[in-house]
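Chains as they are written, first to last, in the working numbering: chain E, 1 to 669; chain B, 670 to 827; chain W, 828 to 955.
I should point out that these hints are in silico values taken from the structure, not numbers from a laboratory. Among the hints, a few may not be true.
Unchecked claim - Computed, partial: chain E to chain W, Cβ under 8 Å:
hint: 1; residue: Phe-9
hint: 2; residue: Arg-53
hint: 3; residue: His-56
hint: 4; residue: Gly-63
hint: 5; residue: Met-64
hint: 6; residue: Glu-66
hint: 7; residue: His-75
hint: 8; residue: Ala-168
hint: 9; residue: Val-177
hint: 10; residue: Phe-205
hint: 11; residue: Leu-528
hint: 12; residue: Glu-546
hint: 13; residue: Val-547
hint: 14; residue: Glu-549
hint: 15; residue: Ile-609
hint: 16; residue: Gln-612
Unchecked claim - Away from chain B, derived, C-beta distances all over 10 Å, residues of chain E:
hint: 17; residue: Gln-108
hint: 18; residue: Thr-117
hint: 19; residue: Ala-204
hint: 20; residue: Val-319
hint: 21; residue: Ser-503
hint: 22; residue: Asn-561
In this text the structure is predicted, and so the values were computed from the model without any measurement. All C-beta atoms in this analysis are idealised placements derived from N, C-alpha and C, irrespective of residue type, glycine included.
Here are the chains, one letter per residue:
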Amino acid sequence: MTTDNSTPFSDFLDDYFAECDDHLMGVRRLLLTLEGSVGRSEIDRPALDELFRHFHSLKGISGMVELRAAEDLAHSLEEYLRALRQLEATLSGEGVDALFDGAQMLEQVIGARRAGTAPPSIDAAVARIGRVVTDGASDRTISSAARPTAVPRQSRKPRWLCTFSPSADLVARGIRVDTVRQRLSSAGEITSAAPRVTPEGAVAFEFEITANLDDATLEAWRADGIVVEPIVETDAEGQAVLDVLAAGPEPEAAIEGDLAAGGGVAPSHFVRVDLTRLDELMRNVGDLVISRARLTETLARLERRIPSAEWRAIQENAVAIDRQLRTLREGIMRVRLVPVGEIFRRMPFVVRDLARESGKRVHLELRGQGTEIDKFLIERMMDPVLHLVRNAVSHGIETAEERIAAGKSPEGTIILSAATAGDVVRIEIADDGRGVDAAAVVERARTVGLPVPPQGAVDSSNLLTLLCAPGFSTRDESDRASGRGVGMGVVQAAVEELSGSLSLETTPGAGTRFTLELPVTLAITDALIATVAGETFAVPQAAVREVMEVPVSGLLQVERNEMTPYRGAALPIVRLGRLFGLPDSQRDRLHVFVIGTGTAALGVAVDRIIGQREIVVRAIADELVKVEGISGATDLGDGNVVLILDPAVLARHMRERPDRVFAARGAAR
Amino acid sequence: MSASGMAQGLGSYILFTVAGTTYALPSGEVRHMEMLEGVTRVPNAPTFVDGVVFSRGQVVPVVNLRARFGFERAAYDLRTRLIVVQAASRVIGLVVDSAREFVNIPPESIQPPHEALAGMSGRYVEGVASLGDKRLVLTLDLSRILNFAESLPLDLNS
Amino acid sequence: MPKILIVDDSATIRKMVRSSLRQLADAEFVEAGNGLEAIEQIALGAVSLIILDLNMPDMHGVDVLKFLRRHQGWSDVPVVVLTTRGDETSRETAIAAGATEYLTKPFAPQVLLEAARTLLADTARPRV
Numbered sequence: 001m002t003t004d005n006s007t008p009f010s011d012f013l014d015d016y017f018a019e020c021d022d023h024l025m026g027v028r029r030l031l032l033t034l035e036g037s038v039g040r041s042e043i044d045r046p047a048l049d050e051l052f053r054h055f056h057s058l059k060g061i062s063g064m065v066e067l068r069a070a071e072d073l074a075h076s077l078e079e080y081l082r083a084l085r086q087l088e089a090t091l092s093g094e095g096v097d098a099l100f101d102g103a104q105m106l107e108q109v110i111g112a113r114r115a116g117t118a119p120p121s122i123d124a125a126v127a128r129i130g131r132v133v134t135d136g137a138s139d140r141t142i143s144s145a146a147r148p149t150a151v152p153r154q155s156r157k158p159r160w161l162c163t164f165s166p167s168a169d170l171v172a173r174g175i176r177v178d179t180v181r182q183r184l185s186s187a188g189e190i191t192s193a194a195p196r197v198t199p200e201g202a203v204a205f206e207f208e209i210t211a212n213l214d215d216a217t218l219e220a221w222r223a224d225g226i227v228v229e230p231i232v233e234t235d236a237e238g239q240a241v242l243d244v245l246a247a248g249p250e251p252e253a254a255i256e257g258d259l260a261a262g263g264g265v266a267p268s269h270f271v272r273v274d275l276t277r278l279d280e281l282m283r284n285v286g287d288l289v290i291s292r293a294r295l296t297e298t299l300a301r302l303e304r305r306i307p308s309a310e311w312r313a314i315q316e317n318a319v320a321i322d323r324q325l326r327t328l329r330e331g332i333m334r335v336r337l338v339p340v341g342e343i344f345r346r347m348p349f350v351v352r353d354l355a356r357e358s359g360k361r362v363h364l365e366l367r368g369q370g371t372e373i374d375k376f377l378i379e380r381m382m383d384p385v386l387h388l389v390r391n392a393v394s395h396g397i398e399t400a401e402e403r404i405a406a407g408k409s410p411e412g413t414i415i416l417s418a419a420t421a422g423d424v425v426r427i428e429i430a431d432d433g434r435g436v437d438a439a440a441v442v443e444r445a446r447t448v449g450l451p452v453p454p455q456g457a458v459d460s461s462n463l464l465t466l467l468c469a470p471g472f473s474t475r476d477e478s479d480r481a482s483g484r485g486v487g488m489g490v491v492q493a494a495v496e497e498l499s500g501s502l503s504l505e506t507t508p509g510a511g512t513r514f515t516l517e518l519p520v521t522l523a524i525t526d527a528l529i530a531t532v533a534g535e536t537f538a539v540p541q542a543a544v545r546e547v548m549e550v551p552v553s554g555l556l557q558v559e560r561n562e563m564t565p566y567r568g569a570a571l572p573i574v575r576l577g578r579l580f581g582l583p584d585s586q587r588d589r590l591h592v593f594v595i596g597t598g599t600a601a602l603g604v605a606v607d608r609i610i611g612q613r614e615i616v617v618r619a620i621a622d623e624l625v626k627v628e629g630i631s632g633a634t635d636l637g638d639g640n641v642v643l644i645l646d647p648a649v650l651a652r653h654m655r656e657r658p659d660r661v662f663a664a665r666g667a668a669r
Numbered sequence: 670m671s672a673s674g675m676a677q678g679l680g681s682y683i684l685f686t687v688a689g690t691t692y693a694l695p696s697g698e699v700r701h702m703e704m705l706e707g708v709t710r711v712p713n714a715p716t717f718v719d720g721v722v723f724s725r726g727q728v729v730p731v732v733n734l735r736a737r738f739g740f741e742r743a744a745y746d747l748r749t750r751l752i753v754v755q756a757a758s759r760v761i762g763l764v765v766d767s768a769r770e771f772v773n774i775p776p777e778s779i780q781p782p783h784e785a786l787a788g789m790s791g792r793y794v795e796g797v798a799s800l801g802d803k804r805l806v807l808t809l810d811l812s813r814i815l816n817f818a819e820s821l822p823l824d825l826n827s
Numbered sequence: 828m829p830k831i832l833i834v835d836d837s838a839t840i841r842k843m844v845r846s847s848l849r850q851l852a853d854a855e856f857v858e859a860g861n862g863l864e865a866i867e868q869i870a871l872g873a874v875s876l877i878i879l880d881l882n883m884p885d886m887h888g889v890d891v892l893k894f895l896r897r898h899q900g901w902s903d904v905p906v907v908v909l910t911t912r913g914d915e916t917s918r919e920t921a922i923a924a925g926a927t928e929y930l931t932k933p934f935a936p937q938v939l940l941e942a943a944r945t946l947l948a949d950t951a952r953p954r955v
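Bound-form chain E, shown alone (with noise of 0.2 Å):
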């Protein structure tokens, strides 16, 4: 045990040295697999991923403890990893050896320290990996074509949704997500794992598996906490119908028999995408755009030094990659489009549960599966939807012995579908049950001291007005009379919120259809959200060209402009707050974001930037209260109104009017 006080984490060495056996090891496990690799068409990605991540670690723990030759030597095998992972070299026998050569030196040099005595040289092995990584192929060239980690469409296994909310309680039991993800991957394959915010403001942990699973290990894992859906696949028409039947024998069977023979799905030329590759690769596009600003800024300083038909050149190519980076922005975020089965998937489920406990029977029909929102629309419309279904098995369906009481068959139906029509979606929930009785929902309004239309008038419109006000249901409630229970008010406005449209028709004694419209494009942008003398604001990511943190300290007064070094030159600095008639921040640093470019940059400076989100981006439409500088508004999602601002405006009002306080039309303050 070495105890060398010259460095500050010298009491971790006996740490870092075991974490650095851990590492080597799997270094010396994944080499051997890789060099298998050698001469077959394609690398094993997982394999080159684990082991990017070994020497991406060593790196990290080496440079700790300052035995720079160990940080330098795993930076180096890192680098040529990751160009291999981003197939911008190929894998050869040489870089097999490279990377063996390295991995035992790197062997030698922690063991070395460990010792006491000389590290040896890392010259020769850094050079060597230097070398592969700039000489192009040679004969014996595997070709690292990125395997698609989904899973293939054809396997047998049955895929579950698997949903975890971590709480005290079950921490005190011992399960965390960590457990839960290690017995989600003893028991099958993980396929993705996400986390997700609940509308109450929770959060939960959904994983995706492929697995065989019985009765005994759903059982057990739900005691723990794992909540456990079946996916429905679908067939090539994107349609799936699925008997649901209450108490019966054989439901387990059946639902299992339909999976697996939806399993064997022909193969369709999409491909499955993990959301989270998804929000990964908007994360390169936005560092891709950060660069390409840079890359401006740098480029106008030079313009004074370059002939002007060079620069012309230069600028052309300029031009070319904005657009380019705009389509790839575009294309993107045209990825984004999700069909709507995500939603549909959990309600045979649902309403099988719901069926069986309150003893009807019910069959669910899906249509449209394939009809695609987006992404964002998705995730706000998952509950609204689950509501409405809930309430159709609740409120709708009536018992058997009342359906053929009425002349009905027993078993009642529900159809969810999904299509598009023009620029709007349309999701539709119809049952043939019940219906809603006008009366009854008319009554219990004026019992609740809500105003009510006069006899005659009552229509399908007025009906939904009711059920959706507030204090018509309450919480503990599941009044048959009234024909629907709690929430609909709720549902109503998360659909407004979406620019959305909520309709109701009903025929008492033959059914209730409700019917979601929503907009097929939203307009959505990204944005960073800052905060200034407590109020917040979003603003255009487009129009950000870079984003940083400037001591107040080091601001320079130059006459009255506030100004800081910037990229050689001085960079006007307008406080936000003050074009607001907002107070002054009273921290000792800003945060700053830098719009305009050339002799035109400006920074803008706020308390502090919170964070980027996409937005919804809703329009300011009423003349009292379009003000200057604010191009519209959003919410994120607490319902609270941030106004969007509009960084030309403020950057035309720097140069025109720096020192005014610009005020609207109408009274100033």
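Got chain E sorted already, so can you dock chains B and W onto it with the hints?
Quick look at chains B and W alone, frame taken from chain E:
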């Protein structure tokens, strides 16, 4: 509560109070009423505009009637209401001290306003009605309230 | 008593961070080895400061940060992000995603300690 869904005969009004006086608006002009939460200030908007809120997915300006009528502002409390009205194609929210009742006021019982009523809110009053229970309520001209250009001379407290 | 969450896939680094911050009076430490565990810790409540490694497997630190900032109650929690040399994640990306402070590994323990001290003192922020 939504009045718009109700097929109302002529003469149906919503009553609300501002600084102790009761006013009435035709319920056909009222889209709905809400409790007020989280108004976002709009910098540099007119003084009587408290800000904006979202209502049914739309950005709605919030006009403080106390301020509009020249009274001192009061803090929002549990009885404060936002009455979302529609005038032509504009949707605006009015902040009032309380709002609750629907009444029917036959057109005959509405008189033009007295000379003496002109003054603070007088400019916006269309008529005076006497309710069955002897209460006096003032019926309002919404378009005047919402007409921006008229705001300047009236802001006695600015 | 501030609760500090340390997120890094390396156990050694977590220990080092903890050690760097041991002079913070009263502080309680919790650890996470990946993004999901980090989110779980935060969901379980009352984290006053987060030290977040960016380049982690499975869920990148920036994505953890973005998830965090989307949530109502967590947009104010101070987050110090740690990056390594040669990391693609730029300072701008981190700040734009909502990082409060940005440090590169290897870092000197005093630097981390100072940053943490300032951020915790800065807190008139409501606890999560």
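Do the hints match the structure? See the list:
no.: 1; hint: Phe-9; result: 5 Å, holds
no.: 2; hint: Arg-53; result: 5 Å, holds
no.: 3; hint: His-56; result: 6 Å, holds
no.: 4; hint: Gly-63; result: 4 Å, holds
no.: 5; hint: Met-64; result: 5 Å, holds
no.: 6; hint: Glu-66; result: 7 Å, holds
no.: 7; hint: His-75; result: 6 Å, holds
no.: 8; hint: Ala-168; result: 6 Å, holds
no.: 9; hint: Val-177; result: 5 Å, holds
no.: 10; hint: Phe-205; result: 6 Å, holds
no.: 11; hint: Leu-528; result: 6 Å, holds
no.: 12; hint: Glu-546; result: 6 Å, holds
no.: 13; hint: Val-547; result: 5 Å, holds
no.: 14; hint: Glu-549; result: 7 Å, holds
no.: 15; hint: Ile-609; result: 6 Å, holds
no.: 16; hint: Gln-612; result: 5 Å, holds
no.: 17; hint: Gln-108; result: 63 Å, holds
no.: 18; hint: Thr-117; result: 67 Å, holds
no.: 19; hint: Ala-204; result: 26 Å, holds
no.: 20; hint: Val-319; result: 36 Å, holds
no.: 21; hint: Ser-503; result: 12 Å, holds
no.: 22; hint: Asn-561; result: 21 Å, holds
Checked against the numbered hints given earlier, this structure breaks none of them.
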